[in-house]
Structure formats: C-alpha cells, structure tokens
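Line by line, the protein sequences are chains A, B, C, D, E and F.
The C-terminal residue of the first sequence carries number 204 in numbering that gives the first Met the number 0, and the numbering is unbroken.
The C-terminal residue of the second sequence carries number 204 in numbering that gives the first Met the number 0, and the numbering is unbroken.
The C-terminal residue of the third sequence carries number 204 in numbering that gives the first Met the number 0, and the numbering is unbroken.
The C-terminal residue of the fourth sequence carries number 204 in numbering that gives the first Met the number 0, and the numbering is unbroken.
The C-terminal residue of the fifth sequence carries number 204 in numbering that gives the first Met the number 0, and the numbering is unbroken.
The C-terminal residue of the sixth sequence carries number 204 in numbering that gives the first Met the number 0, and the numbering is unbroken.
What the hints contain is simulated information worked out from the structure, not anything from laboratory work.
Just to be clear, a hint being listed does not mean it is correct.
What the hints assert, rightly or not - Okay, the calculated bits of chain D under chain C, using three or more residues with CB under 8 Å as the criterion: (1) 3–9; (2) 37–51; (3) 101–110; (4) 131–139; (5) 148–159; (6) 163–170.
This one's a predicted model, so the numbers in the text were calculated from it and none came from an experiment.
We put the beta carbon where it would ideally sit given N, CA and C, even for glycine.
Protein chains: 6
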Amino acid sequence: MWTYDKKLEYPINIKSTNPKLAKVIISQYGGPDGELAASLRYLSQRFGMPDQKSKAILNDIGTEELAHLEMVGSIVHQLTRNASIEELERAGLAPYYTDHGVDVYPVSAAGVPFNANCVACKGDPIANLQEDLAAEQKARATYEKLIDLCGDDGDVVDVLRYLREREIVHFQRFGEALRNVQDKLAEKKFYMNNNNNLFNNNCSN
Amino acid sequence: MWTYDKKLEYPINIKSTNPKLAKVIISQYGGPDGELAASLRYLSQRFGMPDQKSKAILNDIGTEELAHLEMVGSIVHQLTRNASIEELERAGLAPYYTDHGVDVYPVSAAGVPFNANCVACKGDPIANLQEDLAAEQKARATYEKLIDLCGDDGDVVDVLRYLREREIVHFQRFGEALRNVQDKLAEKKFYMNNNNNLFNNNCSN
Amino acid sequence: MWTYDKKLEYPINIKSTNPKLAKVIISQYGGPDGELAASLRYLSQRFGMPDQKSKAILNDIGTEELAHLEMVGSIVHQLTRNASIEELERAGLAPYYTDHGVDVYPVSAAGVPFNANCVACKGDPIANLQEDLAAEQKARATYEKLIDLCGDDGDVVDVLRYLREREIVHFQRFGEALRNVQDKLAEKKFYMNNNNNLFNNNCSN
Amino acid sequence: MWTYDKKLEYPINIKSTNPKLAKVIISQYGGPDGELAASLRYLSQRFGMPDQKSKAILNDIGTEELAHLEMVGSIVHQLTRNASIEELERAGLAPYYTDHGVDVYPVSAAGVPFNANCVACKGDPIANLQEDLAAEQKARATYEKLIDLCGDDGDVVDVLRYLREREIVHFQRFGEALRNVQDKLAEKKFYMNNNNNLFNNNCSN
Amino acid sequence: MWTYDKKLEYPINIKSTNPKLAKVIISQYGGPDGELAASLRYLSQRFGMPDQKSKAILNDIGTEELAHLEMVGSIVHQLTRNASIEELERAGLAPYYTDHGVDVYPVSAAGVPFNANCVACKGDPIANLQEDLAAEQKARATYEKLIDLCGDDGDVVDVLRYLREREIVHFQRFGEALRNVQDKLAEKKFYMNNNNNLFNNNCSN
Amino acid sequence: MWTYDKKLEYPINIKSTNPKLAKVIISQYGGPDGELAASLRYLSQRFGMPDQKSKAILNDIGTEELAHLEMVGSIVHQLTRNASIEELERAGLAPYYTDHGVDVYPVSAAGVPFNANCVACKGDPIANLQEDLAAEQKARATYEKLIDLCGDDGDVVDVLRYLREREIVHFQRFGEALRNVQDKLAEKKFYMNNNNNLFNNNCSN
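Just chain A, with the same shape it has in the complex (with noise of 0.2 Å):
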C-alpha cells in the first residue's frame, strides 16, 4: 500500500498560461507511451516476477512513476487554470473543454482515453522487461518530442527534461533486472523447455 506524501517529487511552478503545451503534454498523463502507462504496466507485472529483486525494482519504479503521473498532471492543470475560453479554443482544446472542461483526463495528446492496450503483461519475465525497456525509451522519446515542442518555455522544459532523465534511469536499471533475471533462469534452458514455462513464472510470495 501507498501513504502519500503531500509535495511532489520535483517542484512545478508554471508561470504561464499555455493550453497548446497542455494539449501535448497530457499524453504522458494518458497517452500510450505515458506514466499511467508505465506505473499499471511496472505495478501488475510485479506479482509474476520470479525473483524477489525484480519486484523490488518493478515496485520501486512503478511506484516513481506514479508520482510522475501527479507531475505530468500538475503541469496541465497549472498550464490552463487560468485559461479564457478564447485561449482553448485557439490552442485546439474545445473539443477537450467540451467532455472534460479545465480537469485532468487520462487521453492521449490526439484525445483517445487511455486503453490498457498498449500495456504487456506475458507470464514471462524475459518477455517482461523488453517490453519494460521498450516502454522507457518510448517514454523517453515522447518527452524530447514534447520538449522540441516547447519552445523557450523554460520552466516546462525544466520539468520535462527532469522527467525524460528518469526514464533513461529506469532504462538502466531494468537493464540489469533483465541481465539478472536471465542468469537466473540459465537462459538456454529457458528456451529449450516449453512445456513447463508456467511454473517457472510462479513464485512464493
């Protein structure tokens, strides 16, 4: 279980006004390669693991990037709580105001909701950490993207460019989980058995 702790994990405080950076950046809130993405994908994967490091390092991440998700969501909503009508409207938000007003909604930069497609949970924790792998350099390509799209505002670039330095973090240390996790099984022999694979996912816990 969670206690929350009432700051986030780095400072946020957007001075201006921007509803055009809103609508991008929400796709890390929910977008496919974003941090509800990344915290449901690390949180559900762990109660498979096979080794007890691997949770540890699934539980670790999967719980930062959660507080990545209340950042993402404190830099949308301080980038249009004070927005006229006028402004969503000239930055492609009214169709976003119309279902969702001035909230924080899990959709991707485009307005699709969020849709657990785009997460992978295999029973196999090979298969497992490449996709996590995948999923951080994904993360991590979405948000040079989004600072290509900021511009000079720098404190959104401040934030992001934080946020984009974690996932190569993650990249790193699922690296090893997976360089781990692979000494583990012996991965020759991982390959070559089939038909037991189901018990070699299970675990004590």
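Fit chains B, C, D, E and F to the supplied structure of chain A, relying on the hints for placement.
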C-alpha cells in the same frame, strides 16, 4: 507523491487455488468499475476541484483505491500462482493464459483491456462528485456479485466483504463532499449562470 | 416499440453555418455523456429493474433522450450542411470530413467513435439509478460547456439551454425513482444480504 | 421524435430459462452487426441524404430497428431473469454477471462493449446505401448463426426467424433506395466529378 | 506467402512538404475505410470462402491493397519528412508528433488508432461479399473527400485519383464474385435452409 | 509492393478438428502480440528509419510476418473447418461463431478485435527498435503459452515451434539493427541533443 509501505491494507492469505474465481475477480482490477478506474478517476479529478476539502477527500480515497488495486491483484495472483494448465483451461482462462500467462493484467472479467471511457472528469465539481457517488455504488454492486460467485471460499469472501465495506464508507464521504461543494457554490447561482462556469472551476494551487 | 412523429421535440431553425460549433456539439450525439449514451443506458437498464415505476421512468426518459439525439443531430446537420471545404478546414473538421463528409456520425468532440464503456448497467437498482443521476449531471455539465463555447449564436444557445433544462428535470425524476426503490428494497436488508441479491433484481414481466 | 407504444413489434413469451442462448443472442443487442448498430447507422445517415425518399426509408427502418433492439433485449431478459448463479456459471456468464448482473447491457457475444467503429456514415449516398445493404446481410447471417445455436428451443427460434425475415425485407428496400439515388444522381456524373461532391450531399431540410 | 518487389505499384514523387494533407490522407492508412482495413478484410475472409474463384479474387485484391497501404504510407512520409516543428504545429500535427514523430502510424484522420471493429468476416459468403462491395464504395468516397481537400496539389491528387480508380475496379470484381457465389449456392436454398449453413461455408483446402 | 506466391512459408496439414486450440491460437492472428501487430509495426516503422539497413530489415521481417499471419490463419481454419456446432460450443466458440461463423477474424484469444494501440511507431529509431525487440520476445512468449496449451497435438505443435523459432531469429536481427543505429547516431550525441531530433529521423528516399 507516494511512499510504498511493504504491506497490504488488509491481509490476504488465500490457501486455495481457484482460477475460476480469479477470472471474475480480475474485473475489480481492470474492469469498468474496478479499483484502477476508481483511483484514476479520483486522482485525476482532484487537480481541478474548487476547494481544498474536496481535493483532500479525492486524494485520500484515490490513494486508498491504489491499495485496493494491489489487494485485488494479490487475490488474483494467489488464486492462480499454483494452477496447472488443466485447471486454467477448466476455469476458462486458456485465452488469458495465452496472452498473459499467470501475470495480473488490467482486464474486465470478460477479458476486455481497461479503457478510460468508463471514467469521467467533467470540469464541474457537482458532476464529478455525482460520478464518484455512482462509482462507489457500482463498485459495491460488483463486489456483491463477486461474493455471489464465491460460494463458500471463506478466505476470498472475507477480503471481498472488507473491500465492499470500504466502498460504502467512500460513498458516504463523497456525499459529504458533495453537500459541502453545493453549499459553497450556492447551488442556485451555479445552475443559473452558465456563461462563466469555467472560472468557477479554477482554484489557486 | 416506437412510432415516429415527424417533428422535433423542440424546433430547430439555425440560420448560421458554423462548423466550429458543430465540431463540439457533436459530443452530445456520440460522446461519452451524450444523448446516445443516455438513451442506451436507460432503455437497457429498464429490462431488469425490480418495480414498474422505475421501468416506466427509464422508458419515458430513454425515449425522450432519443428525441434529444435527433435534436442534436439536427443542430450538427444544420450548422454544416452549407459549409464550404474551406470553412470545414478552418473549423478543424477536415479529419471528420475525410471519413464522414458532412453526415452526422456518433463521435465525441475529440473525434473518438462512441464506445459503450461509458454506460453502466449493473444488475443493481441502486447502482443503476446513481449511475443515472450522475449521467444527468454530466450531460448538464457538457451542455454548459457547449453554451460557453457558443458565444453569441442565439439560435444554438436557445436549443442547448432547452436540452440542459431537460437534464435537470430528468435528474429530479431519477432522484424520486431512487428514493422509491430504496423504500421498497428496505435499504438495510439490501445492504446486509449479499448472497441472494440476484433474485432481488428479477421481475415478473 | 418518437412515441412509445407499450407493446413489442412481435410477441415474445419465452418459457425456458436458457442463459447459454442469452450469451450469444446479446450480440444482436450490442454486437458489431446487431440492432443497436443498425438503428444508429440508419438514424444517423438520414440527416445527410440528398433526397426525401432515402431519408424516409432510413427513418422507417431505423425506427423499426429500435423495436428490434427492444425485442432482442426482451429475449435476453426472459432467458436469464430466473437463472440461478449456477446456471449462469455453466453458461459462461459469470464474467457478464460480475459486471452487469442479469441486466441487459450492449455487448457482443464475446463480451466486448458496443463500439461505433462498426457503423459508417460516409457523407456519400451511394456508399451509405451499400453499407446498409451489407449491414442487412450481416444481420441476416448473424440471425442464421443464432438459429444454428438454438437447437430446438422453439420459442426463441420463432422470434429469431421473424427478425431474420425483416432483415431481408430491409435489404430489398435499401436496394430500391440505392437504385433511386443512382438514377437521380446520374451515376456517370457522380463518378466523374469529384471536386464538388460535398455539395451533392447537401439537402434542403 | 508474399515476396517483396522493391517498387511501388504506382510511382510517388511528391515535391511539396504538406503536413496538413498528410494529416487527412493517413486515414487511408489506418482509418476505418482505409487500405489496412481493406487488405485485412479480404485476406482474412479468403480462408473460409466456399469456392476457389472467390478465394482467388480476395487474395488478389487483398494483396493489391497491401501495395496501396504502402503507397499511402509513402505519401504521408513524403509530405512530412522535411516538415519543421512549426509546420507540423500549424497543420494540427503536434499531437501526432508527440506520440509518433514523423513516423507513419495506423490512425484515422481524427487520430484514433486502427480498430478491427470496422472489418467484418461473417462466415457467410453472401454477407462477406456485400461487406466487400460496401468497403470499396466507402474507400472510393474517402478518396473523393481527400481529393476535395487537396486543392491544387497535383502530385498528390494524381496518386489519389489512381487509388480511387482501383477501388471502382475492385467493386466490379467483387460484384462478379457475388453473382458467381449466388449462382453456385442456389440462392433460394441458401436462404431457406438455416440449420446447416455452417457446413456450406466449409471448403476442402 | 508484394507478389503472392501460392504456398505457405512452412507446410500446414492438420488432420485433427480442434476448435479449442483454434480459440487460443487466433491470438497470434489478431491479438496484441500476434503476427498482424508485428507486420503492421515493422512495415509502418520502416518509412521513417534513418538508414537503409534498418529499413531493409524492417521490410524483410515485416514481409515474413505477413507470411506468418497467413500461416496462423491457416491453422485456425484447418482446426475449425469441419467442426460441428456442438464441437464449437464445447470449445467456447459459440460467441465467435455468432459473429464470424468459422471464418478467420482478427481477434485476441479473449475475443477482442485487433486494436493498433498495441503497436508503437515513435519517430525515434532507438525507441522503435527496442519496441521491436520487445515485440519479438512477447511473440515468443505467446507461442510458448500456446505450445503449453496444445498438449500432444503434434501437427500443431510442430508449426508453432517453427514460428517461435523465427521470432528468436528476428530478435537477433533487430539486436543487430539496434547496434548499427546506435553506432551511426553516436549514442551520446543522440541523448544530449533533443531540440532537433526531428531532423535526425528524416531520410532521403
């Protein structure tokens, strides 16, 4: 942000292997009225609420629903971790096993991946809190259906009863939050003055 | 069954061509809290309600929401039927035009096709009626956002105000239905006796 | 707008409890080629059709499909209202029961909520009517599959045969509408002149 | 199986950078009536068709639609590969850029990822071929809308006209296939004998 | 463009009728980690890759995955073409039969139509190739689950083992492509310079 406490909100020690139950209980993990939907709804809505009290309630309950998500995942995991292929097949879990093994994955009982369409954040505190009241009743109803389906598996029923009880408590707390917001917004004015309700939703944090 | 009366519930005679408004108003046609969702929700729920009074209310309101669906479709049609390609493009409707021309198609303002995930039928009369109360508030909120976006287009605002007014009337009627069902089911018994609530939901017609 | 007549288009009095049949028949309620899809398709397309005759046919058939939606919902309700938990489980309806009890909910036989992606409104009368012809054939095929699955349950087969018969009548009426539109639009001109087909779709009501 | 020929079915050499056009043309890549939908529909239907001639036509056209998918992808790529961030933003492609950069990704013009709900395989040769006839008309209509939106960009219009022309040829070939199947199945018998139509669909390969 | 060769990549001659296996194997046709997802991912990503070698690998493997899609469709078809209604029902295929007869339709084992949300094209060669590595591992894992479920049906297991083997080969080829791209892009520079990575993705063909 959140800190992880290495314990469940309520202890779960299921001795039986019962994939048939897991197949339906997973709906409270990734189904339309499950704990993922609940925590996502409340943690998203809180950004735009107009008063600190509503924000605090949404934050509290949203955080507790994360703990419930973990509990439901643990039930599903414990009910399936020792299942044989044949037991999974008899329970109608061969399709699930195909794509997810015995991992925990956010789907409804019918096997449909989680879709945020079942969550609403309307940029309107009254509508949001009515949505939350409905959500708690829908979750209660789902837990009652699950208890119907559990037969005499006491370990599982005990946890489901606990979770159902919490939904009723949440329902009452959202009822208080709604009364509080209605008092503050001066309901009559709220209903009569459409043109600037955007600004009513803004808040200062 | 239904008989068609060749008139609208409320007259719609929009003289302006305004595809920008059509783009957002269509959310009340096929969006998550629109009239299609409403009529589908009520007309589906009525089969399983335990008392004739609730069934009748759901049937009445479900039928009226069909009339509202037609009204919203008429607004969208009248706002776009004479639009030039250039006007559609300026209004952000080039994507819509690509796949639907100037037909009326059930999508949200964001362009996402209608998905029944936004509708709940829970096999539980209390949960269903709370869902309906929430639905009416969400529809009211959406009409208010649309009125915000209309600016001074009086013909459209007039119709949207009428539709919003009806949602408030429906909200009140569902409130009565809920009190009636709660009285009948003897709420305390309802909450305490999970194991046979299946049979509570049955009805004789 | 529509007026409700308190009767079904065709009488439905099913004496058996058969949730196994309900599970598949529900596809004609909320499945890809079911009655919801049909009525939504026709009632949506009618706004943009270029001639009064096509509009009238779409309106008539769309209204009748609403009556069929009600009929299919009644079949599902009557087949399940007296089912015990054990009967529902044996019929593979435990997942459905989890989220919807024995209410009628718009899903396909596979349990996937209705998605309007299966409906097309193309802003082109020829394409729309071809879509409608296909829709009727797909509905006919589905009813035939359902009759295959009914075995000797005469009450249900009788109603399904009636519904299938109506699809063939609709197919013929859409065939006439297509020939009529083709005559009017002077098919050759229609195919040759792309640049202003937007205006062809407009109509005066 | 397929062998790749390193050329396009029809040459594409677009000199202009025009992300605004790319945004709508992508609907023929991943939209509801696009080339992915078409090839998937035909290549899937062919397995169950009852005669070799229909199978061959479905295989031929399904293979050609793969070539068209590649052509549409090439158009989108050429129209965007040299676009600056500012040009992408002005074209309404900032959301697309956020999640996909300037890659080609299977979405509709509205930005909704491809969903196979728009494709039908009904286990019924008549229904399948009517679906195919409708699909070709819907694709034709979409190409005409796209040509409307192209203005005077001759390089793009030329390719779209070629693709539209091919849909009309396919429509005619599916018409022949339908007549052929109807002759073979002795339509009257087909319509009268529901109970064993399963076996009608089987074939010997 | 592609030329069809009238043979399968690997021979498939399944003598048994086994719809229970077909129900799960279809996930490699239209499921989240199946062959449709794979070919669509690779053939879409290739347009934007920055070097000819990656493009060629994506094209080769994407084309082979189309052959695998055909193989999986053939397995499903052969396992079901002679099934009786009763055999389909016992295998849990009555819902599938309702909407698709014994045609091959792109769904997951759970019956959810294919959704491109499971595919990523990120406009970033590193992220794309990591996505591809993960995809191959997820496909391998799925084939292993399917082999688990096959029991002793040797004809089917033989083909599934072949397909699984190919995923491992693809995994290795994508590993090489990734190393090659990393060398070319000078990984350090790539990570440090966000602001113009748009142009890095462009290529000249």
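TODO: Check each numbered hint from earlier against the structure, then list the numbers of those it violates in ascending order.
DONE: 4, 5, 6
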